[in-house]
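J.: This is what each chain is made of:
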Amino acid sequence: MSDIYDLVKRYPWLPSLKTYYSNIALRNPLDFLNEIFSSNKSKDLKNRVLNLFTDAFNNIEQISDYSFDETNINIYLILRILLYALNDKILSNRVANIYSKTTYNVLNKENEYNLDCIYKDLDLEVNYEEKPTVYKKIVLKSQEEISRTNFKISFIDYLKLASKLKDDYRKLVNNALQHGYVYIKPESLNRLLQEHVRMKLLAQNIRESTNLDVFKEKLFEIQEFKELYDTIVAIWELKKDEFEYTVDITFKEGQDMSKVFPPCIKEILSKAQEGQNLIHTERLFILWVLNALKYPEDKIINVFSTLPDFDREKTAYQVKYAIKKGYTPYSCKSLKSYTLCMANKYKDKLCLNGYFSKKLQEQRQISHPLFYIQYKQFVASIKTKPEKTNLNDKDA
Amino acid sequence: MPDNKYLKRLFQAYYKENQSVIPILNLFEQREFGFIPWEKQIMNRHIGFTSPINLKKYFINNTPKHAYSSGSLFIRPENQDMQEKGYQGCDLIFDIDVDHFYTPCKEHHDIWYCKECGEKGKGMVKKCPKCGKLKLKKLNWICEDCLNVAKNEIIKLIYNFLIPDFNINIEKMKIAFSGHRGYHLKVEDENIRTLSSDDRREVIDYITGENISFEILGLQEKGGNIFGFSRETIGWPQKIINRIEKLLSKSNLEIETILSDKRKFNLSQSLIENFINFKDNFHKIITNNHNNNWTLVGFSLNAWNKFLKTIIAEIGIEVDVPVSIDIHRLIRYPGSLHGKTGFKVQELYPDDLDDFNPLNETIEKLDPIVFKSEKAVTQKIEIIEPEVPITKIKGKTYGPYTKGEKIEVPHYIAVFLLCKGVAKTI
Chain A
1 MSDIYDLVKR YPWLPSLKTY YSNIALRNPL DFLNEIFSSN KSKDLKNRVL
51 NLFTDAFNNI EQISDYSFDE TNINIYLILR ILLYALNDKI LSNRVANIYS
101 KTTYNVLNKE NEYNLDCIYK DLDLEVNYEE KPTVYKKIVL KSQEEISRTN
151 FKISFIDYLK LASKLKDDYR KLVNNALQHG YVYIKPESLN RLLQEHVRMK
201 LLAQNIREST NLDVFKEKLF EIQEFKELYD TIVAIWELKK DEFEYTVDIT
251 FKEGQDMSKV FPPCIKEILS KAQEGQNLIH TERLFILWVL NALKYPEDKI
301 INVFSTLPDF DREKTAYQVK YAIKKGYTPY SCKSLKSYTL CMANKYKDKL
351 CLNGYFSKKL QEQRQISHPL FYIQYKQFVA SIKTKPEKTN LNDKDA
Chain B
1 MPDNKYLKRL FQAYYKENQS VIPILNLFEQ REFGFIPWEK QIMNRHIGFT
51 SPINLKKYFI NNTPKHAYSS GSLFIRPENQ DMQEKGYQGC DLIFDIDVDH
101 FYTPCKEHHD IWYCKECGEK GKGMVKKCPK CGKLKLKKLN WICEDCLNVA
151 KNEIIKLIYN FLIPDFNINI EKMKIAFSGH RGYHLKVEDE NIRTLSSDDR
201 REVIDYITGE NISFEILGLQ EKGGNIFGFS RETIGWPQKI INRIEKLLSK
251 SNLEIETILS DKRKFNLSQS LIENFINFKD NFHKIITNNH NNNWTLVGFS
301 LNAWNKFLKT IIAEIGIEVD VPVSIDIHRL IRYPGSLHGK TGFKVQELYP
351 DDLDDFNPLN ETIEKLDPIV FKSEKAVTQK IEIIEPEVPI TKIKGKTYGP
401 YTKGEKIEVP HYIAVFLLCK GVAKTI
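Protein chains in written order, with the working numbering: chain A, 1 to 396; chain B, 1 to 426.
The hints are simulated quantities; they were obtained by calculation from the structure and are not laboratory data.
Remember, predicted model here, so these are calculated numbers, not experimental data.
Just so you know, not all the hints are guaranteed correct.
[What the hints assert, rightly or not] Beta-carbon label-pair distances, calculated as ranges: (1) A:Glu129 to B:Ser251: 41 to 47 Å; (2) A:Ser381 to B:Lys222: 32 to 38 Å; (3) B:Pro104 to A:Lys200: 51 to 57 Å; (4) B:Thr295 to A:Asn111: 40 to 46 Å; (5) B:Glu215 to A:Asp6: 38 to 44 Å; (6) A:Ser334 to B:Lys222: 42 to 48 Å; (7) A:Ser305 to B:Asn242: 56 to 62 Å; (8) B:His328 to A:Asn111: 44 to 50 Å.
C-beta: ideal position from N, C-alpha, C; glycine also.
Sequences and hints are given; from them, build the entire structure.
T.: In structure tokens, the structure reads:
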């Protein structure tokens, strides 16, 4: 049996899955599920799928019990069916992220021989050269940082994997291109494969609802699948609220800003995440807010990425322009005039009643959404220090 | 415009006489065609031809002012809905048009008039230098100098980028003089056709040097010193170092002239002096792989960034970016006539480029000027523009002219001036 046969167990998204495991990979999904759930592997399989979803919902970086066995192949296939049936973009993102990150970590542990097999299986024009090539050298005083690699990838395949990732260091212009190939270290190439796997899982997500309903009805006739589905939905419902606004929106690594957002911001982010259209003033406002909060450019762009008319190129231009100009977000007064104030809709006490200023010894109204965030952050910091009990002593 | 009928008849005669030599594009049946008629400035596109004969018939029967075809291949090129055409991929197209970048000769032959304040002048301006308004009427002209600049850009594109960096087979490059102010280069390669718009943007960024990060490539400040690129870093750093080396090989006087050029480096006199004093040392540093210390008095990290951006502008290619990125663009059909000049869109082999001179081509089959006759027929026309710059074609100079002038010029000059819309028949 070839090397790729074993590699498929580790990486079931490889095209060779259909060659070596055609008995399951090419089967009708309903037949596959019926058989797998009536086998003695069923319990282990369900546990591992559930663990994967739970890890994803808990925002863990890596699947805790990822194994390189045949069950791993079944998990991957079930995962695709589940994501299709669940049809929830945020959930799918969560799962695709953890799955692809795990893939990346596992790939980084492979030897060069296996990596070469994997790249070839993906039909990537990647060449391995026995002698490593020095493709980058940075000299700082007496320190030399030399980048060498045995791998190079055709620029066409490189672009197909990398052009949607907008990081500067992945741009072709900042890479070592020569004779049609980009010199690349396996870790960097594996990071591109991570994105490939992520997109492959997310590609399941777009289906017509009528077809989906018919398909789901048939799936639910398989009792074990239905139970698994329902359990996942139940866990998701409980977890969902925790990160409703934090999917792609984090101010600093690990810091959840959503709880301190005023309703005007929450409303727009919520609409964006649901993939609703935003009006021009909503777009400008949220762009300026995120920029004022020093969100990274790509994260700001990603906030808009779910909009029906999203155009990355245009958005990137507009975001860059706004950052350059450094506009200040609308004040509460302006938000009201644009009917973007959501204080009444959300019945937000801070917006409606204001806060007590110790310095001025009077009740004050919030006049700007950024001050709202500042105030909430202050209150949150006080809560972590119990000896300071007065929650209203923050002054503007 | 009565002259449009006249020009249309001339174009028609050309198409009748030359139907056998009009090139047939590869994968012809999968291309979308578009035409702009003489009667109105609206493109009639989404046209497909099942056979080259039908295209030739179209040229003769409809005789368009401008003719275009797609870089893209479609299953149903004639379908009006882009989504329904059955997109199969797109050639990679580069368009180099002197309209989009500065050349010194424009100071002599490009004329602008401000519609707001009445100011007029010469050169390349985006807005009126007097009132700042954008409503300008422009009369852009061509000369051997600016067409040479465009040609050199195509040569740079091929030999500095497409071959050494992208390894594109020269036989897959289809080059054409556009018939007016530039050149097209089309890469017809099965794999390259699969590139998305995002991918093409990356290719364009590479060949223009746009979005380059000096920091990622090695330019850094540490402990008050500036550390530059290494020659061992493949890609742009090597190109930059080679260009700097070329600059350093020049005489002090030449360096001073280059670095003080206001449109390029625009360095102050003291910085130029520091640079020249550093010259020999700098040359040693960039040829030494173990010392990248580019620290130079007066050159902060910002100054180096500015200096390197100018170097990049010199190395990079001046391409019309949207043409390369947009997979639905149409470009001029080779062998067709350009309605703004009467010149032929002339296909060229890379080897032809060095000696090719569109305004005075000696090789008959490469000559884009088609309306010339053995008998040196002349034609009388009247100038209708306030000012018409000098036109130098076939080694002879015509003009400058002013409004109302009645002139007798060779037929091809008359066609050129009529197509440019600066004259009328009398």
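J.: Give me the numbers of the hints this structure contradicts, sorted from smallest to largest.
T.: 7
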